Structure formats: structure tokens, C-alpha cells
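Engineer: Take the given structure of chain A and dock chain B to it, following the hints.
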Amino acid sequence: MARKLLLEHDHVPGIASYSVYKEKGGYRSVEKALKQMTAESIVEEVKKSGLRGRGGAGFPTGMKWSFLAKPPGVPRYLVCNADESEPGTFKDRYLMERIPHLLIEGMITSSFALGANTSYIYIRGEYFYVARILEQAIEEAYANGWLGKNILGTDYSLDLHVQIGAGAYICGEETALLESLEGKRGNPRIKPPFPAIAGLWGCPTVVNNVETIAAVVPIVNDGGEAYAKIGIGKSTGTKLISASGHINKPGVYEIDLGLPVEEFLNSDEYCGGMRGGKKLKAVVAGGSSVPILPANLILKTANGEPRLMSYESLGDGGFQTGTMLGSGGFIVMDETVSIVKNLWNFTRFYHHESCGQCSPCREGTGWMEKILHKILDGHGTIEDIDLLWDIQGKIEGKTICPLGEAAAWPVAAAIRHFRAEFEEYVKNPSGISDVKHYYRLNNLSPVGA
Amino acid sequence: MAATQEIKFNDKTMAVVNKIISHYPEGKHKSAVIPILHIAQAEFDGWLSAPAMDLVASILKIQPIEVYEVASFYSMFNLKPVGKCVIEVCRTSSCWLMGAEDMIKHIEKKLNIKNGGTTSDGMFTLKTVECLGSCGTAPMMQVGADYYENLTFDKVDVLLDKMKSEGKRKSYTDKAESRTE
Chain A
35 MARKLLLEHD
45 HVPGIASYSV
55 YKEKGGYRSV
65 EKALKQMTAE
75 SIVEEVKKSG
85 LRGRGGAGFP
95 TGMKWSFLAK
105 PPGVPRYLVC
115 NADESEPGTF
125 KDRYLMERIP
135 HLLIEGMITS
145 SFALGANTSY
155 IYIRGEYFYV
165 ARILEQAIEE
175 AYANGWLGKN
185 ILGTDYSLDL
195 HVQIGAGAYI
205 CGEETALLES
215 LEGKRGNPRI
225 KPPFPAIAGL
235 WGCPTVVNNV
245 ETIAAVVPIV
255 NDGGEAYAKI
265 GIGKSTGTKL
275 ISASGHINKP
285 GVYEIDLGLP
295 VEEFLNSDEY
305 CGGMRGGKKL
315 KAVVAGGSSV
325 PILPANLILK
335 TANGEPRLMS
345 YESLGDGGFQ
355 TGTMLGSGGF
365 IVMDETVSIV
375 KNLWNFTRFY
385 HHESCGQCSP
395 CREGTGWMEK
405 ILHKILDGHG
415 TIEDIDLLWD
425 IQGKIEGKTI
435 CPLGEAAAWP
445 VAAAIRHFRA
455 EFEEYVKNPS
465 GISDVKHYYR
475 LNNLSPVGA
Chain B
1237 MAATQEIKFN
1247 DKTMAVVNKI
1257 ISHYPEGKHK
1267 SAVIPILHIA
1277 QAEFDGWLSA
1287 PAMDLVASIL
1297 KIQPIEVYEV
1307 ASFYSMFNLK
1317 PVGKCVIEVC
1327 RTSSCWLMGA
1337 EDMIKHIEKK
1347 LNIKNGGTTS
1357 DGMFTLKTVE
1367 CLGSCGTAPM
1377 MQVGADYYEN
1387 LTFDKVDVLL
1397 DKMKSEGKRK
1407 SYTDKAESRT
1417 E
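Respectively, the protein sequence lines represent chains A and B. Take the first sequence: its position 236, counting from 1, is numbered 270 in my numbering, and each next residue is one higher. Take the second sequence: its position 90, counting from 1, is numbered 1326 in my numbering, and each next residue is one higher.
None of these hints come from the bench; they were simulated from the model. Any given hint might turn out to be false.
To be verified - If you want the footprint, here are the derived chain A segments under chain B, 3+ residues with CB under 8 Å:
#, stretch
1, 159 to 167
2, 269 to 281
Said to hold, decoys possible - With a cut-off of at most 20 Å between alpha-carbon atoms, the simulated SDA-like pairs for lysine to any residue come out as follows:
#, chain 1, residue 1, chain 2, residue 2
3, A, K218, B, I1257
4, A, K404, A, K428
5, A, K218, B, V1318
Quick caveat: nothing in here was measured; it's all calculated off a predicted structure. C-beta atoms are modelled at their ideal positions from N, C-alpha and C, and glycine is treated no differently.
One chain only, chain A, in its complex shape:
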């Protein structure tokens, strides 16, 4: 059995309740942090651990924490990003639903380290029932003295609240999330200033993903060095991977970073191989925003080395031959999947979710969606493929927030690795798709229909 730091008790009956969680060693990190450590020493441990943001960007958490401004007399905030919306990602829902107290514990320990006395968990609106589970857990934590005034008799006090969203992918972007938490539309802010300087209500704020905050618990319990020994190179610790698509065993798996992709895909401990004995065609390894890789490049790097589940190995070769670990949303596609149709599905998603602030994203995602539809519908030309390439290049790096890149990268990667398939649609337009169905459903009139 693989080592588990976060999901060790996920199948223990009643683990969602305070009593069972406590019995299994829960809330030790709070006790240790408040009674034996200082805020600074916790930040040091997190730095030593090498923990990187688990939401997708992979930025070192200890460094992010150390950027937090501490002007006297100004409140500081910790906000947990539980807006999990990256297609292919469902690990945070699993963690919060199964072991809500792990997140609450991580929030208390992390809030203490950052000097926050009020913290929020911003959860996507669709996870309403999960928010209820968290609220229940918070109530239990208050009742048992882990939240509220003078926790464990110390002079540290913390209030923790769950804030519900209402359906918007963009609110996973941290400044859009803060706007939403302030009761506004989820339009990302121009940076700088970064939230560490001016975040929630203009106060210094740290925004961390659910899994990142949960990982602080074992880091404080066992020390940053112990955590850093797990994994490979700068990819330390364990990572939750959401596995979905054409595999035998979809689900959430906790892996040591550095596990070979091939083992993750084929071992019965994880994905259990391809469903129905079909051949692997492609994998989107880190949520819909990261470049898709064909079977040969996801299993081995361009140099023929085994590809590993780590930030560096998945990134090996840059975007020419590599991809990103992202959020760990591992979407597996078998030989029956049309890459062009899949890309259309993704692009339609980004068009729908663009907040509309920046023209390249607002307009570009719509154009790309329409051109992909045109190609799928049998009216495409070779020039359309080049036009797609051109548009994605004009979105990337030209928007306030990374939704632009998230929309552009999948298009670039699909054309880079599967251009022949696009050309096939252009040359042999007989395979008319049921994409028409979608447009009919929504009373839209796409280009070429």
C-alpha cells in the first residue's frame, strides 16, 4: 500500500465526525502549533517541506506565506480556495466530504501561522451539500474549543466561516475569488498589488487550495524535513490525483510525487488500466487547461525516460513535448475519442466561463469555439487550422488572469500533437458530428451551420 498523509483514514466509518477524527489523532497539529511553536517557525517548516500550491499553479506555499504583509493594526486573512472547478478535478470535494475536519484543522494551524483571526473557506455553490458538511464540522470544532476565543487557553482566537459561491469557474482564480467573497461579480483584479499586500477588503490575504491547507497538518505534525523526503526533487510530498475517463477505476488517489505515469495508469492500486482493453490515445494530466499529450509522450519523455507524476517530469520538454501537473486532474482518453471534438468541448467551456473583461479572451474563446464547430461540421479549411493556431497565440499572455492561457494551451497542444486529425476532418468531412445537437439545443447559430 502506498503511503497516505491526507487520505489515511478516508474509509474509516464516521471519520467525518469530530469524535472519530479526534480519536484517529486529529487536531494534534493545532495543539503542537499553538503550544510548542511560533507562527514564524511554522512558516519555516512549510518552507522546508517544499510544499507547492496544489490548486494548479504549483507555487511554493512557504514563499507565498512569507510574502504576507504585516502592517500593524491591519487584519490579515486566510482564505481557502474550495472553488474546485477545473474540469477533471474532484479531489477537494472528496477530501472535504470524507474528512472535513482535516481541512478545518489545516485552516486553524495555517491561520495561526499567518496571524489571521478570521478565515474563510470559499466553496463553489454547486458543492452546497459539502458546505453543509463543513459547517457541521466547524460547529463541532467550536464546541470542542478548537475555534473561537482563546483556543486551548492561549491568547490566539480564530473565527472560521464557509462562504458559498454560485457557479463561476473564474472564481477559482484567487483575485476573482476575493471579488466574489466581497459580494461582487467574479472579475479578476489587475496585479500588482498581489493579495499578500492588498487582498480581501484591501487587507493582506493568503489564498490557498484545500489540499495545500490539508497538507500543512502532516507538515506541522512530522516536520517539514520529513515531508520533503517524500517525492522527488522539487516535487515533494504526496499529491491527490483525480483520475477519470476511460479507465477501469476512476477515483481520487493519493500518490507519492514521482510515481511513474505508466504505473499510475496500469496498476490495480490506481487507475487499473484502460477500460474494455482499449488502446490509450491521449491524456490530459493536470485538468483541462494543461496541454494534452499523446500516449507515447505521456508514458515517456521525448528522451525516452519514463514520465513521472511530478511537476518537473510532466513539464519535461516544455510545451513542445511536455505538459503540467496542474491540479492533478488526470483525464484518460482511449482510441475512440476524437481529439477535435474533445477540444471543441473544452473550448466551449472556456468561452462559457470567460468573465468577459479582456477582449482577447472574451472574443478569442468564442472564435475558437466557432471555428472548431465549423471544422467538426464538415465546413473547415486548412486555413482554419492555422487561424486557430494564430488566435490561441494572441490570447496567451495578453489577459489579466490565466484563463486566457487555460483556453489557449489546449488548442495549441491539440494542433501540435494531432494536426493530422484536424486535417482529416477538413479533407473528409463525411463524419458529421452530433455537435449540431448542442447548438440546436441552445438555439445558437454557429458559423457554417
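Structural biologist: Okay, now just chain B, sitting in the frame of chain A:
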């Protein structure tokens, strides 16, 4: 029903609303707009009419436009009347790979409505939505607070028949049933 209903929260609801407002520092109560809109939508027939949004604005002492602009941004807020059960089928990525399109067609046929439409008896509205974080249990749909996962045509038929026979409105703010996986 909606036309004659008084747009006002009762004391019990107001207590919940005031508790939410207490989550924020003084003067930052605007943060409560989304949670309170959810309550308003659940209380007033599953959608946000202008009077419902005006009520939220008056409670929070903010301009109505500040509520409208929020309500119109987020996909979970319905700005038009909907059926008692809004069937939200995920169409993105892994759900698409696992047959969401066929599932949508099946539901359209069963309910005899198109996506976005409402059945003539006012029971169901069908809506396609983007990734709901249920990719490992695809295809899936959300109705009110409940996630229904690993859907098959048979399973959907049973679920929809049950909802119809119960005839109850389902809201996001409901207590979730024990989940069917």
C-alpha cells in the same frame, strides 16, 4: 403563485440571514449578497424576480443594481421562472467522454423538452452545466442539493419518476439526500 406571493423573508429566515451577515467585519456586509440570493431563490419559487433581488438589496442596504449585476454573473441564479426540479446535467470533459450527450438526449426525450425548457406541468427544467467536479463518477446530474452520479438511462428514469411522483421543489439549500453513487 409567484405573482401573488409576498416577497418577504419570515422571522426564521431573517435569523439565518442575520447570522450570515455576522460573518463579516462591520461595513463589509455586502459580502452576504451571494449567500442571501441563494436563500431568496429557494424561498421564492426557484428563481430571482426583480422584487426578490430588491428585497436582498434593501436588507443589505445596497443599491438594487449591485444585486442585479451579481445575480446575472453566476450560473446558479435563475433570472426566469423554472420548474420545481431543475435537472442540471454536466456536459464538460470527462462527463462528455463518458456519454453526457446521450444522457442529455435521453432526458430531453423522456421529459419531452429541449435543453433550457420547462415541462408543461411546471415540474422539470432541463439545463446543461459545466464541470461539477464529479468526473470520476460520470455521467452525472445535479438536482437541488443532490448529486446523482454514475448515471445510466434506467437510473435517470427511476430518479425522474420519483421526483415527479413526489412533486416537491428541490433547492440547492435543501438538506442533501443520502447520495446515490
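Engineer: Does each hint hold? Answer for all of them.
Structural biologist: Structure-based check of each hint:
{"no.": "1", "hint": "159 to 167", "result": "holds (count 6)"}
{"no.": "2", "hint": "269 to 281", "result": "holds (count 5)"}
{"no.": "3", "hint": "A:K218 <-> B:I1257", "result": "holds, 15 Å"}
{"no.": "4", "hint": "A:K404 <-> A:K428", "result": "holds, 16 Å"}
{"no.": "5", "hint": "A:K218 <-> B:V1318", "result": "violated, 24 Å"}
Hint check: a violation occurs at hint 5 only; the rest are consistent with the structure.
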